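Asker: The chain contents come next:
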Amino acid sequence: MTLNLELRSVSKIFANGDGVRDASIQIVQGEIHALVGLNGAGKSTLMRLMLGMKTPDSGAIEINGVPFAQVPAQRWARAGHLIEYPLTYQELSVRQNLVLSAMLRGLDLDAASDACDVIIDKLSLNKFAERRTGELSLGNRQRVGLAAALQHDPDLIILDEPTNALDPSGIILLRNVLLERAAAGASVLVSSHHLDEVSRIANRITVINAGQVIGSLEPGQPEIEQAFFSLVHAHSEELQS
Amino acid sequence: MTGFRTAISAEWMKFRNALLPRMATIGLVAVPSLVSPMSTSSRGGQSALAAADWAAYFDMSAGTVATGGLFGFGLVIVWLFGREFVDGTIAGLFGLPVRLGQIALAKIVLFTLWACAVTAMLSLALLCVGAAIGLGAFDGAALAALARFGTVSVLTASLTVPFALVATLSRDYLAPIGVILGVVILTSVLAQAGLGGWLPYAAPGMWAGAGGAGDPIVIAIQLANVVILAALFAGLVVRRWKRLEI
Chain A
1 MTLNLELRSV SKIFANGDGV RDASIQIVQG EIHALVGLNG AGKSTLMRLM
51 LGMKTPDSGA IEINGVPFAQ VPAQRWARAG HLIEYPLTYQ ELSVRQNLVL
101 SAMLRGLDLD AASDACDVII DKLSLNKFAE RRTGELSLGN RQRVGLAAAL
151 QHDPDLIILD EPTNALDPSG IILLRNVLLE RAAAGASVLV SSHHLDEVSR
201 IANRITVINA GQVIGSLEPG QPEIEQAFFS LVHAHSEELQ S
Chain B
1001 MTGFRTAISA EWMKFRNALL PRMATIGLVA VPSLVSPMST SSRGGQSALA
1051 AADWAAYFDM SAGTVATGGL FGFGLVIVWL FGREFVDGTI AGLFGLPVRL
1101 GQIALAKIVL FTLWACAVTA MLSLALLCVG AAIGLGAFDG AALAALARFG
1151 TVSVLTASLT VPFALVATLS RDYLAPIGVI LGVVILTSVL AQAGLGGWLP
1201 YAAPGMWAGA GGAGDPIVIA IQLANVVILA ALFAGLVVRR WKRLEI
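Chains as they are written, first to last, in my numbering: chain A, 1 to 241; chain B, 1001 to 1246.
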């Protein structure tokens, strides 16, 4: 088991009291790790901490055993993420957006064009490839954002609610790409509200509530929703008492 | 490719495909070119816009750019920085081998190059219009006025760099646009009150308005203040992007 990303006792508390408290989580090579929780549970904050969008108040974040602040810039060439909004510029076509994203990941123009062709095919974006993303539906923009995060064969993938706005065919295509990347040795972290979906693809499921890691669920276990709510309710009651 | 070169390529790809920079380029080149011939029609009259020769024509056009340019150039730099927040693309710019500070610097460099290109296009347009309306012989004084015009235009563009910081801090378009308006009004009031060219935002326009006349050392210091202000705020913007949290 090789650790790719680890958070140890990380806390980040906002002025309104929300945030994450004493959270520890490990993202392992070759695994899909799912974060599940209610809205406002702290999933996005955790992911933002992992990507440097926020600085923790306390605790440690390491990538491949290197403290976050010392991770070399080039390490990020092998990461892919989508947090909240897809990295798409409305004035650019789908293809231009993907080439731009690949270049920002360090690929030269030829390699970026090749990577872009492959992911356009994998996520069935051929029909829209030359269209400006400003003209696309929300679901197709999300698909382009996912393509941008996945096209360069990253070994560390962090996706916040990746199935947002996706149609069923988009969900299946995404599932296949994530399974393919994990099989190739990538570490994948996804947050989701869709317990059935994560249960189908995840190797581990971590439950978050009120900014704390409160337990885990067994992928594929029957009555997974019931198990999730049992954990959340028990923790909420514990906080109130 | 190095991070900075990649950032420049990425910013240029966005810039050349977007509508706003194109509209701003057209506006910045067309408006002074159209205002200038109108001014010559009042030649011999009482209008302050009257331009009797090439030097007066370029200095009058520099005055137009010194005020209008704050809006024209300002809108573009506010868009360059503010759009990443308004469109939500800023999240995608984290976790990259290209650092946020490099992206911010690339935006400023691209903006400066564009402002120089706009100034060159505008100078050419003014030369064509001036020749068409028959402003007479193009002598040494005319050449000096043309150089003064180019300097005023680039300095005016550099004075909009602080608005990039406002766009970054507010993460919106409205606040920086409000600040541009406020700066134009405040500069006008304070310049009239006697501060004149010691106000960086008034310095280029007043220099052109005086036809380049005045104590060369005072003028050099006043114009250097503009460059220092722009460089200071460019540094602050890059620093802010380096430490950005969302």
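Treat the hints loosely; a few may be bogus.
According to the in silico footprint, chain A covers these stretches of chain B (three or more CB under 8 Å from chain A) [unchecked claim]:
1. 1067 to 1076
2. 1113 to 1125
3. 1159 to 1168
Here are some chain A residues the structure puts well away from chain B; computed CB gaps all over 10 Å [stated by the list, open to error]:
4. P67
5. E84
6. E91
7. S101
8. D155
9. E218
10. H233
These aren't lab readings, by the way, just hints derived from the structure by calculation. Given the structure is predicted, the values throughout are model-derived calculations rather than measurements. The C-beta atom is built at its ideal place from N, Cα and C for all residues, glycine as well.
Asker: Decide, holds or violated, for the assertion that all CB atoms of chain B are farther than 10 Å from the CB of A:D155.
Answerer: Non-interface label on A:D155 holds, nearest chain B Cβ at 13 Å vs cutoff 10 Å.
Asker: Quick one: work out the minimum CB distance from A:E218 to chain B and report holds if it exceeds 10 Å, violated otherwise.
Answerer: holds, 30 Å
Asker: Does the no-contact call for A:P67 survive, Cβ to all of chain B over 10 Å?
Answerer: holds, 16 Å
Asker: Checking the smallest CB distance to chain B, is A:E84 really beyond 10 Å?
Answerer: Check fails; 6 Å does not lie beyond 10 Å.
Asker: Just to make sure I understand the rule, a stretch counts as covered if three or more of its residues have a C-beta closer than 8 Å to a C-beta of the chain. Does the region 1067 to 1076 of chain B meet that for chain A?
Answerer: violated (count 0)
Asker: Against chain B, does A:H233 hold up as non-interface, every C-beta pair farther apart than 10 Å?
Answerer: holds, 32 Å
Asker: Decide, holds or violated, for the assertion that all CB atoms of chain B are farther than 10 Å from the CB of A:S101.
Answerer: Contrary to the label, A:S101 does not stay out of reach of chain B, its closest Cβ about 7 Å off (not over 10 Å).
Asker: Are all C-beta atoms of chain B more than 10 Å from that of A:E91?
Answerer: At roughly 4 Å from the nearest Cβ of chain B, A:E91 sits no farther out than 10 Å, so the non-interface label is violated.
Asker: Under 8 Å between beta-carbons, do enough residues of the region 1159 to 1168 of chain B, three at least, approach chain A for the coverage claim to hold?
Answerer: violated (count 0)
Asker: Do three or more residues of the region 1113 to 1125 of chain B come closer than 8 Å to chain A, measuring C-beta to C-beta?
Answerer: violated (count 0)
In the structure shown, a violation is registered for the earlier hints numbered 1, 2, 3, 5, 6 and 7, in ascending order.
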